[in-house]
Amino acid sequence: MTPPPIEFLLYGGALALVALGLAGLVMARHLFRSILALGILEAGANLLLVLAGYRAGGVAPILTPGTLGQPMVDPVPQALVLTAIVIGVGVQALALALALRVHQAYGTLDVAEVRGRMEADTDAAAGLEPETSRDLPAVERPS
Amino acid sequence: MTPLDTLFILSACTLAVAWAFGRRPAAGGLIAVLYGGQILALAKMSGLASGALTMIAASPSFEVLGQALSWRFDGPAWFFALITLGAAFASAWFMAGEWGEGYRRKGGRLGLLQVALALNVSSMLLLLASGDLLSLFIGWELMSWASFLLMLSAGGVAVRWAFKYLIYALGGAMALLGALAWIHAQAGSLQYAAVAGLFATLSPGQAWTLVLAFAAGFGIKMALLPFHLWQGPAYAETPGPGSAFLGAISSRMGLFGILVVLVHLAGLDLLDRLLIPFTHLDARDLLGWVGAFTLIVPTFIAVRQHDARHLLAWHGIGQGGYMLIGVMQGDALGSAGGLLHVFNYATYQAALFLVVTAVVHRTGTADLNKLGGLVTRMPLSFLVMLVGIIGLAGLPPMNGFVSKWLIYRDLISSGRPLMFVATVIGTLGTIISVYKLIHNTFLGQLRMEHEDIREAPWSMLAPMLGLIVIVFLTGLMPGLVLDWIAPVQAALGLPVLDHSLGGVDLPNGGLDMLWVVGLLFAGFGVGALLFLAGNRHRYVHPLDNYAGGHFLTTEVRYHYSDDFYPGLMHLIGGWYRGSIQWLERALVSALDFLAQWSQAWFRSAQPALWLLGVTVFALWWVV
Amino acid sequence: MRNLTTLLFAAGLGFLLLVLAAGLPYGHPPMLVGQGILQQAPATTGAANIVTSVVLAYRGLDTLGELSILFAAAAGAGLVLGGHRRRRRPDPDGGFILIAGADLMFPLLLVVGLYVILHGHLTPGGGFQGGVILAAAFFLPLLGRPREALDHTAISWIEGLAGAAFIAIGLWALFARGDFLAPMLGKGVLGQLFSAGTLPLLYAAVGLKVGAELSGLLADLAATEARDP
Amino acid sequence: MNAVVLAVALPLLGAFLTPSLARLSLPLGRLFGPGLLAFCLWLLWGIARALGDATAGVALGGFAPPLGIAFHLDRLALLFALAVPAMVLALWPWGGRPREWSLTLVLAAAATGLALSGDLFNLYVFYELLAVASYGLIAANQRPAAQAAALRYLLLSAAGSALALLGIALVYTQTGTLNLAQLALLAPVSLDGPLGLAAFALLLLGIGVKAEAFPVNTWVPEVYATAPSRLAGLLAGLVSKLAVLVIVRLLLVVFQRPEATQLMLVLGVLGIAWGELAAWRARDLSRQLAWSSVGQLGIVFVAFSLPGETGVLAGLAVALHHLLVKPALFLLARHWNGALEGLRGAARRAPLAGALFALFALSLVGVPPLPGFWAKFVTLSGLFAQPGPLCSLAAVVILTATLVEAAYLFRTLTLLFGPGGEEPRMAPHGALDLGTATAFAGLLLAGVIWLQPLTGDLHGIARQAVDMDTYVDTDLPTPRP
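Chains as they are written, first to last, in my numbering: chain A, 1 to 143; chain B, 1001 to 1623; chain C, 2001 to 2229; chain D, 3001 to 3481.
These are computed hints drawn from the structure, not numbers from a lab.
Computed from a predicted model, the values in this text were never measured in an experiment.
There could be a bad hint or two in this list.
What the hints assert, rightly or not - Only some residues are given here: those of chain B computed to face chain D with a beta carbon under 7 Å:
1) A1181
2) S1579
3) S1598
4) L1609
5) L1611
6) V1614
7) L1619
To be verified - Derived lysine to any residue pairs resembling SDA-like cross-links, with alpha carbons at most 25 Å apart:
8) B/K1106 / D/R3344
9) B/K1370 / B/V1469
10) B/K1106 / B/R1023
11) B/K1164 / D/V3472
12) B/K1164 / D/G3046
13) B/K1164 / D/L3359
14) B/K1164 / B/L1473
15) B/K1164 / D/A3358
16) B/K1044 / B/V1469
17) B/K1164 / D/D3192
18) B/K1164 / D/V3448
19) B/K1164 / D/G3460
20) B/K1044 / B/M1477
21) B/K1044 / B/L1473
22) B/K1164 / D/L3413
Note that CB positions come from ideal geometry on N, CA and C, so glycine has one too.
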C-alpha cells in the first residue's frame, strides 16, 4: 500500500480548512467564534492560493548567488496571498471592533439574541409595535 | 397639421385649463366648451364616419428600441372617440354650475375631479388613436391610471375600491405586457401588420395563450366574469359626473381592445380554430359564453343593491356582456348590434347616472330605502329616468331596443337558442332592477324630509335632457348611428350591415323603428283618447292610503322599498354566496402567507447556512 | 438537527472541492504570468526579491488597495469605537517583568522592524511584515502601562502622510513617465541595499502606514472597555 | 488615457489626508473630498469624450499585460466609472464626521476601480475595499442596531469573499494568469469543465453578497433599515450595481457557458420572488424599499443572464434605472421612516416630496412611458425570445412580482396621499435631500424625452461589451499565442 500522494494531503488540508470554517460559521452561536471561523475559512482559501504557485523542485523566488539558474516557484501567488492576508487582518480587526461595541450595547454576543435585540431596536426606532407572535416565524415564537 | 393634431392639442388645452382653474366652479363652463370644441374637431374628421376616408394620422411619431410609435384615427377610433367626448361633454356641463359649487362646499376636491376627467379623456383619445400595439399599451396604462385617479377623487371609502380596481387593472396590464413582450420576441415588431402576420403562423397552444392573455387583459377592464368584482363599487363611489363618464364609456375601452386585437388582428377565424378539448366549443364560443354569464350574474347582483349608484354600476357590467356577445357573433347583424349597443348604452347610462347624481344633489342620499315619491318634486328628472330605464331595459321606442333586437335576432337566426335564452334572462333582470330603481326613487310616497325638494337646476337638467333626446331620436332613427358603424365594421374586417334610416331590412322580416314608434304612439294616442273620453279617472292623493283597513296618519309613510322582491331574493339567494369573492380573499391570504414565509426567511438567524447550502448545491450541480 | 445538516453540507462541500482539486495541475503550474515575471523582473525593477517586485511594481495597485483596506478598517474601527475610547477605570499597570520586558523589547523591535522594511526588496520580508513588527513595538509598552495612551493625532498624521507618500510616488511616476507607479530612479546593482529604484521608498511608506494603522487599531481596541457581563 | 488611474488614486489620497486636514481646518476637510470627486468626474468625462467608441487598455506601471494589472476602458466601464463620482457627490454625507468623509472617498475609489479593472485579483481587492469601507460607514451612526447589522453583514460578506478568493485560486491554479483578456483566450480550453463553472459559482456567490443575490441577501433589510439613508441609497443604488457589473464582466469575458447564465437566472428569479413577497408585508418604509431593492436586483440578474447583446442591453437598462430611482426613494424615505401606518397624509404636508415619490414609484413599477417600463419591456421580450420553459417562467415571475410590487407601493402611496395624521410628527424634508431627489427626477424625465438617443447609446455599449475580440485585442496588444 502506497501512502497517498502529498498533494492529496495539501489540497485536502486546505479544503478541509475551508469546509471547517464555513461549518463553524454556521454552527457558532457566539459571534466571537464566528469571527474565528472566518479566520479559518480565509486561511483555507489562502493556503489553496499559495499552493497554486508550487513548482516541483522550485526554490524561493529571491535572486541570490545560490539560486541563480534554478527553477523558481511562481512568485505571483505569494504576492496575492500577502495581499489577501492583510485584507483578512483588516476585516477581522473591524469585526472585533464591531463585536466589542455590540457586546457593550447588548451585553451578549449570542447570535440569536443579538439578532433579536437588533430587530427590536430597529422596530422601536421606526415606532413599530413589537411583532406579535402571529408575525413571528415558528422557530422564534415564544412558547 | 392634421385634424387629429388639432384634437390632441385641444385635449391637452382642456387638461391644462382643468389643472389651472379646475378647482373654481366658474371654470366648469369653459371646460365644457373645450370638450365641445373637441367634438367639433372630431366632426372635422367626419370623413372617417362616412367612409370617405379610412385613416387620419397624427404628425408626431417616435422610434423607441427599433419600434415605431405612431398615432392615427380610423373608423372605430372615431366612433369610440365620439362617445367618449360626448360623455365627457355631458359630464362637464353637468358639473359646470350648481353641482360643482355644492361638491366643493361639501369638501370635495373639484380641481382633482376635473383634472382626472380631462386626463381620462386625453388618455382614451391616445388609446383610440394608437397605430401599433406598443402605443396601444401606453394608452392603455395611462387610461388605467387616469381612471384610478378619477375613482379615488372622492376619498374615503372610494380609495379602497379604487385601489382594488388598480390591482385588477394592473393584473390585466401585466397580462397584456406579457403578451406584447412575447409577440415582440417572436415577430420582432409590434406593428399591426406584423402582429396579424404572426397570428397566422402560431401553433394552437401559443395562440390559446395569447388569446387568453389578451382576453384577460382587456376583459378585466370590461369586468368580464371572473374579474367582475371591482367594477360596481368602484364606479359607484366615484363622484357623480365622473361615474357617469366612467359608466358610459370607460369599460368599453376593453371592448375596443378586443375588437382591435382579437377581432381584427387575430381574426375570428383563428378563434374558431381554437377548440376546447372534450367539448364542441371553441375560443369564440368561450368568449361569447363569458359575455352571457357576465350579462346574467352582475345584473342579478344589481337587483340586490340598495344604493342607486351601485345598482346602475353593477348594471353596466352586464350590458358589456351584450356587446361582447354581439361582437363575437361576428356577422353583420350581430356585430352591428354589439357596436350600436356601445353607443346606445353610453347615452342612457350617462343620463341615468346624472339623474341619480341630481337626486343625490337635492336629497343628499342615493339610498333607495330612503327615497320615494320624488316625481311630484322633480318631474323633469323623472322623465329623464323614465326614458333612461326604458332604454336600459331595451324596450321600444328607445334606442336600447334596437341594439338588443339586432342581437336577439342574430342569435336566433344563427342558431344559438341557449345564448338567446341567456340574453333574455339578462334582460329580465334588467327590467326587474330598473323598476326597483325608478319605483324607489320617484314613485310611491314622498318622504317627509323631502317635502321642500326642488327640481334640479337647469345646468344639470340640460345635459340630461339632451341625452334623452338622443336616446329617443336614435331609437326612432337608428340608421343615423348605423351609418357610423358601417365604416367601423369595414375597418375591422367584419361584414357591413345593410341598413336604412329606420333600421334594417332583412329577407325574412326586418325592423323599421319609424313604423314601430309610429304605431306605438298611435297606440298611446288611442289609449289616451279612451282614457280621457271615458272620464273614469279619479285623482287620489299619494298619502291617502290604508293598511289592513286602518287609515294611516300622514306621519307614517307606507312606501314599499325595504326588502324589495323578497321572493326573488329568496329564490336566487344562492347566487350571492360569493365564491369569487372567496377566491379573491384566498389569493390575498395566500400572498400574505407567502410573504410571511419569505420575511421569516430574511429574519432567519443563519445566513451562513444558506451560503453553505447553496454553494454545495451549485457545486454539486456543476460537478 | 441543524448542526447535523451543517456538518453534512460541509462534508459535501469539502468532498466536492476535493473532486475539483484533484484535476488541478499540482507541482506543475502553468506559470503563464509567473514565468514572464521571473524572467523580466530583475531587469525591470532591480529588486532581488521577485515577490517584492510583484507586490510593489507589477501589482502595485493591489498593494495600494490593500493599504486602503487597512486604512478603511482602522478608520471604521475608529468610527465604531469613537467616543467610547476613554475607559473610566483603566487597567492597573503591568508588573515589573512586563514593564521592563516591554522597555527592553521596544528598541529591539523597532530596529528589527525597520530592518525588515528596508530590506524588503532583497530578502523575505517587507513593509507589511516590518510594519506589523513596528506596531508590536509600539503596542508592547501600552500593555505595560495602560494609562499612557498613544497619541492619536500623531498616528493619524503618520498614516495619512505615509499613504499619501505612496500615492505621491505613484503620481510622480505618472507625471514623469506617464505610468502610475512605474519604477523610478536608477535600478542600482542587484542585491545592494540602495537598489531597485523607488521600491524601498514604497516599502518604507507601506511599513510606516501599516505600523500606524495597526497600532492605532490595537490602541483603539485596547482602550475600549468591554462591559462586564 | 493613463490619467484614468487618477480617478482611483486621487480619492484614496483624499481619504488618507482628510482626517488630518479636518484637524487643521474643518471647512477645508469638508470641501476637500467633494472637490476631488468633482475633479475625477471632469477627468473621466474628458476621457470618455476622447475615447468615443474606441476601447483602450491601460497597463498600470507600464508593465505590459498580462504581467501587470491592466485597466480596461470601454464605454460600459466608463459609464459606471462616471456614475460613481456623480452618485457619490449627489449622496455625499455632508453632515458626517471627517472619518466618514474619508471612508466615503475610499468607497468612491474602490467603486471606480471595480468599474475599470481588467484583472481578476485586482477586482477582488477593490471589492474588499468597497466592502470594508461600507462596513465602517454602516456602523458610523453609533446606533447599536446598526453596529449589530454591520457585524452580521461583515460576517456574511467576508465568508462570501473567502469563497470568491477560493474561486480565484482555482482559476489561477488552472490557468496561471489573472488578466481577464488572457483568461478569455484560455477559457474555452482550460476552464471548459466543471472546474470553471465551480469557480464561477464561487465568484457569483461571493460577489453576489454585495449584489444582493438571492441566498446571500439577508443582510439587506437589516442594513438598510439602520444605516443612514444616504448610505442606504449609495449601497442599493451604486454599490450593488458595481458588484453586478463585475459578475457580468466575468460572465461575458471568462465564463461564457449556458450553465453559468442558467445559474444566474435561477438565483435572479428566486431573488425576485423572495424580495417582492417580503416587501408585501413590510411594516416600515425603509425596509419596504430594501426588500423591493432585492427584487429589483433579481430582475437585473435575470436580465443579464440573457445571452449576447440583448442581455447586456436589458440588464443595463434595468440596472441604470434602479441606480437612479432607488437612492432617490431612500432620500425621500429618510423623513418618512417609521411605521407605514404613521405616514397617513404625509404627502399632503409635503406635496413636492409626495409627487416625487409617486413619480419614482410609478417608474419602478414600470408605467409607460417612464423609463422603467422600457427596461422591463426589453427584459421580458428578451426572455420570451429564449427557448426553454425556464425563461418563460422567469418572465411570468417578473410580471407577477410587478403586480405585487405595484400593490404595496400604491398601498403606501394611498397612505401618503390619504387624509388623516394631523399632528406634524415628521420633520419637513431637508432642502438638500429634496433638491437631490428633484435632480434625479429631472434625469428620469430627461430619460423619457431623450429615450431614442439613450437607447441608441445603450445599444452601442452593449454591442461593444459583448465584442470579445476587441476586448482581448485591447488588453493584450501582443500577438496572440
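The hints, checked one at a time:
{"no.": "1", "hint": "A1181", "result": "holds (3 Å)"}
{"no.": "2", "hint": "S1579", "result": "violated (22 Å)"}
{"no.": "3", "hint": "S1598", "result": "holds (4 Å)"}
{"no.": "4", "hint": "L1609", "result": "violated (9 Å)"}
{"no.": "5", "hint": "L1611", "result": "holds (5 Å)"}
{"no.": "6", "hint": "V1614", "result": "holds (4 Å)"}
{"no.": "7", "hint": "L1619", "result": "holds (5 Å)"}
{"no.": "8", "hint": "B/K1106 / D/R3344", "result": "holds (22 Å)"}
{"no.": "9", "hint": "B/K1370 / B/V1469", "result": "violated (29 Å)"}
{"no.": "10", "hint": "B/K1106 / B/R1023", "result": "holds (13 Å)"}
{"no.": "11", "hint": "B/K1164 / D/V3472", "result": "violated (54 Å)"}
{"no.": "12", "hint": "B/K1164 / D/G3046", "result": "violated (51 Å)"}
{"no.": "13", "hint": "B/K1164 / D/L3359", "result": "holds (20 Å)"}
{"no.": "14", "hint": "B/K1164 / B/L1473", "result": "violated (38 Å)"}
{"no.": "15", "hint": "B/K1164 / D/A3358", "result": "holds (18 Å)"}
{"no.": "16", "hint": "B/K1044 / B/V1469", "result": "holds (23 Å)"}
{"no.": "17", "hint": "B/K1164 / D/D3192", "result": "violated (52 Å)"}
{"no.": "18", "hint": "B/K1164 / D/V3448", "result": "violated (29 Å)"}
{"no.": "19", "hint": "B/K1164 / D/G3460", "result": "violated (42 Å)"}
{"no.": "20", "hint": "B/K1044 / B/M1477", "result": "holds (23 Å)"}
{"no.": "21", "hint": "B/K1044 / B/L1473", "result": "holds (23 Å)"}
{"no.": "22", "hint": "B/K1164 / D/L3413", "result": "holds (14 Å)"}
In this structure, the hints that do not hold are numbers 2, 4, 9, 11, 12, 14, 17, 18 and 19, in rising order.
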